[in-house]
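Colleague: Top line first, the protein sequences correspond to chains A and B.
Under this note's numbering, residue 334 is the last one in the first sequence; the count climbs by one each step, no gaps.
Under this note's numbering, residue 334 is the last one in the second sequence; the count climbs by one each step, no gaps.
Treat the hints with care, as some may be off.
Rough simulated footprint, nothing fancy, chain A against chain B, three-plus residues with beta-carbon under 8 angstroms [claimed, not checked]:
#, stretch
1, 26-35
2, 85-94
3, 100-110
4, 124-137
5, 310-322
For the record, the hints were derived by calculation from the structure and aren't laboratory data.
Glycine included, each C-beta is placed from N, C-alpha and C at the ideal position.
Number of protein chains: 2
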Amino acid sequence: MSYYKNRTLVFKNSYIAEGYTVAGPKENDGRYKGCFDLSLSDDMFGEKTFEKAERRMFEHAINGAIAKANLTIDHIDAVFGGDLLNQIVSCAFAMRNVHSGFFGLYNACATFVESLILGAGMLNNGLENVLCVSGSHFSTAERQYRYPLELGVLRSPVTQWTATGVGCSVLTSRPQSECPKILKATVGRVVDYEIMDTNNMGAAMAPAAVDTFETFLHDTKSKASDYDIVITGDLGKLGGDIFMDLLGRKGIDISGRYLDCGASLYFDSQQTYQGGSGAACSALVFNSEILNNLNRGKYKKAVLIGTGALMSPTTSFQGESIPAIAHLVQIDRR
Amino acid sequence: MSYYKNRTLVFKNSYIAEGYTVAGPKENDGRYKGCFDLSLSDDMFGEKTFEKAERRMFEHAINGAIAKANLTIDHIDAVFGGDLLNQIVSCAFAMRNVHSGFFGLYNACATFVESLILGAGMLNNGLENVLCVSGSHFSTAERQYRYPLELGVLRSPVTQWTATGVGCSVLTSRPQSECPKILKATVGRVVDYEIMDTNNMGAAMAPAAVDTFETFLHDTKSKASDYDIVITGDLGKLGGDIFMDLLGRKGIDISGRYLDCGASLYFDSQQTYQGGSGAACSALVFNSEILNNLNRGKYKKAVLIGTGALMSPTTSFQGESIPAIAHLVQIDRR
Numbered sequence: 001m002s003y004y005k006n007r008t009l010v011f012k013n014s015y016i017a018e019g020y021t022v023a024g025p026k027e028n029d030g031r032y033k034g035c036f037d038l039s040l041s042d043d044m045f046g047e048k049t050f051e052k053a054e055r056r057m058f059e060h061a062i063n064g065a066i067a068k069a070n071l072t073i074d075h076i077d078a079v080f081g082g083d084l085l086n087q088i089v090s091c092a093f094a095m096r097n098v099h100s101g102f103f104g105l106y107n108a109c110a111t112f113v114e115s116l117i118l119g120a121g122m123l124n125n126g127l128e129n130v131l132c133v134s135g136s137h138f139s140t141a142e143r144q145y146r147y148p149l150e151l152g153v154l155r156s157p158v159t160q161w162t163a164t165g166v167g168c169s170v171l172t173s174r175p176q177s178e179c180p181k182i183l184k185a186t187v188g189r190v191v192d193y194e195i196m197d198t199n200n201m202g203a204a205m206a207p208a209a210v211d212t213f214e215t216f217l218h219d220t221k222s223k224a225s226d227y228d229i230v231i232t233g234d235l236g237k238l239g240g241d242i243f244m245d246l247l248g249r250k251g252i253d254i255s256g257r258y259l260d261c262g263a264s265l266y267f268d269s270q271q272t273y274q275g276g277s278g279a280a281c282s283a284l285v286f287n288s289e290i291l292n293n294l295n296r297g298k299y300k301k302a303v304l305i306g307t308g309a310l311m312s313p314t315t316s317f318q319g320e321s322i323p324a325i326a327h328l329v330q331i332d333r334r
Numbered sequence: 001m002s003y004y005k006n007r008t009l010v011f012k013n014s015y016i017a018e019g020y021t022v023a024g025p026k027e028n029d030g031r032y033k034g035c036f037d038l039s040l041s042d043d044m045f046g047e048k049t050f051e052k053a054e055r056r057m058f059e060h061a062i063n064g065a066i067a068k069a070n071l072t073i074d075h076i077d078a079v080f081g082g083d084l085l086n087q088i089v090s091c092a093f094a095m096r097n098v099h100s101g102f103f104g105l106y107n108a109c110a111t112f113v114e115s116l117i118l119g120a121g122m123l124n125n126g127l128e129n130v131l132c133v134s135g136s137h138f139s140t141a142e143r144q145y146r147y148p149l150e151l152g153v154l155r156s157p158v159t160q161w162t163a164t165g166v167g168c169s170v171l172t173s174r175p176q177s178e179c180p181k182i183l184k185a186t187v188g189r190v191v192d193y194e195i196m197d198t199n200n201m202g203a204a205m206a207p208a209a210v211d212t213f214e215t216f217l218h219d220t221k222s223k224a225s226d227y228d229i230v231i232t233g234d235l236g237k238l239g240g241d242i243f244m245d246l247l248g249r250k251g252i253d254i255s256g257r258y259l260d261c262g263a264s265l266y267f268d269s270q271q272t273y274q275g276g277s278g279a280a281c282s283a284l285v286f287n288s289e290i291l292n293n294l295n296r297g298k299y300k301k302a303v304l305i306g307t308g309a310l311m312s313p314t315t316s317f318q319g320e321s322i323p324a325i326a327h328l329v330q331i332d333r334r
């Protein structure tokens, strides 16, 4: 991995061997119906609590990804992953059944792309196979971040819907066959435009996505039109519009080549308002639809920008604004 | 960075240029009095809440470490860090004032060593300077994990005291002078010996530390006596005894060369029972006492094992045991 400027890295041998997804019922009723490896009919996944269900989704996605890549757990050197629950317990507890090394990560909904960057980086240092995994669950996130579900609180029109699911990628330094390559990355920095409305995370995250994408284009001396698709994680419809608008003011045009995982996840009829969000969002859409399109050659050069809002209920209660971060990876299919 | 077995890595050019510490009042009344770069007389650090104080300690430690290493923020490519607060908000919010890339990490009290491993790994890939930072605050941890301080709940004799402070290391691939080198690392895996008492985290973490240290000795074909000092993060007195006992049963003797940051942080008269714990523990002691001894040449080969208990209040309420993890780095001073 060589080194551009401060924040943009180039990887030598980081390939995406496989992706595996476990999706909740509402997610599989959305625009990507049938694209997921496992779709749950019950978001309890046969468990007693939503938290245990979220953990079981992690366990299933990890095992599914390993099997789909025709590997066993003994082939996996390390797992890079996290989730939205306090102390990232869904991923950490799932790791009790996995004897690989574990790097616990947290960059909110940017965690999946963070895991791709660190996984690709450590792969370039002798590791052979690593897993990058991230996920979330609507019902665990709601009661942790917002209100008890039983309260039936009316949702603001600017809200998004925390996606239920887990996505897991298998990265390898020695691909068995031709597969997409993580070529470059731009590490996100924390930006805070002093958005105070915790319902409006898209508005808080859009400037971070702009900062990272602009830095990436600058550092790589490339332009938006060099990429078949520019994907953001979970800016949602409103956040995506702000993202395109802010880029437009900088003379960067991504119209016709832009997709937000969150905004595209559900149909309007599913009443999620601004679309999906959560650590599952980019992990689900990337490891299904996007990876399929890369493998089919529909996308030859893709940019994936994971977006995260870094606040907590405590910081909001203490009157803080919402800092955000966006990590970027460029994925090529030759 | 070459590759031993699954979990042990070797780094080429990862040096520790400097370490900086901010310690709370109780910590500076302990065994390392006067060793810290900044000691607070008030653990509110002039802020309105304990959480804001913890964040300010991060901001101060980050700026202090950069200055102490005779660098500016423009020299720092990325920051690897985390803390114990939900959504690691102390570190993330401190990053609002730092324009470097940010990798948010969470492995509980093993986060500091996790940051050293990932920082050293990414340094071996072209980055020049990175920061590794971790910390905690007694008063924010107590009210998040246990009870409101005002309740004055009696503490169990097996408890430890969450250390207040932040420690930050500056890692560089191009040292200006001779300095300690992060030579090897063994990545921790999650182990769970089904300890149910959340007061007794030392007992939960000791088996993880044994697993990692034993793996390290095996992978590097070395023995405990090859190292001047074996340091654990925050096993505490009881956990440290369990660690030495379990190692003894495997024929590994570390007597006379073992130090636990937590167990050594306070005097008995300070009534912390088993000693210190928290993400600050290893970060404080390593970046003061240990780094001084490495720089003075008192330690030529040191092993630092960060230990973390990965439960959350939610998992405990749902009847789960305490999974634990331990990450290891070998630091040499030639």
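Colleague: Please go over all the hints and tell whether each is borne out by the structure.
Modeller: Outcome of the hint check:
no. : hint    : verdict
1   : 26-35   : violated (count 0)
2   : 85-94   : holds (count 7)
3   : 100-110 : holds (count 9)
4   : 124-137 : holds (count 5)
5   : 310-322 : holds (count 8)
The structure does not agree with numbered hint 1 stated previously, though it agrees with all others.
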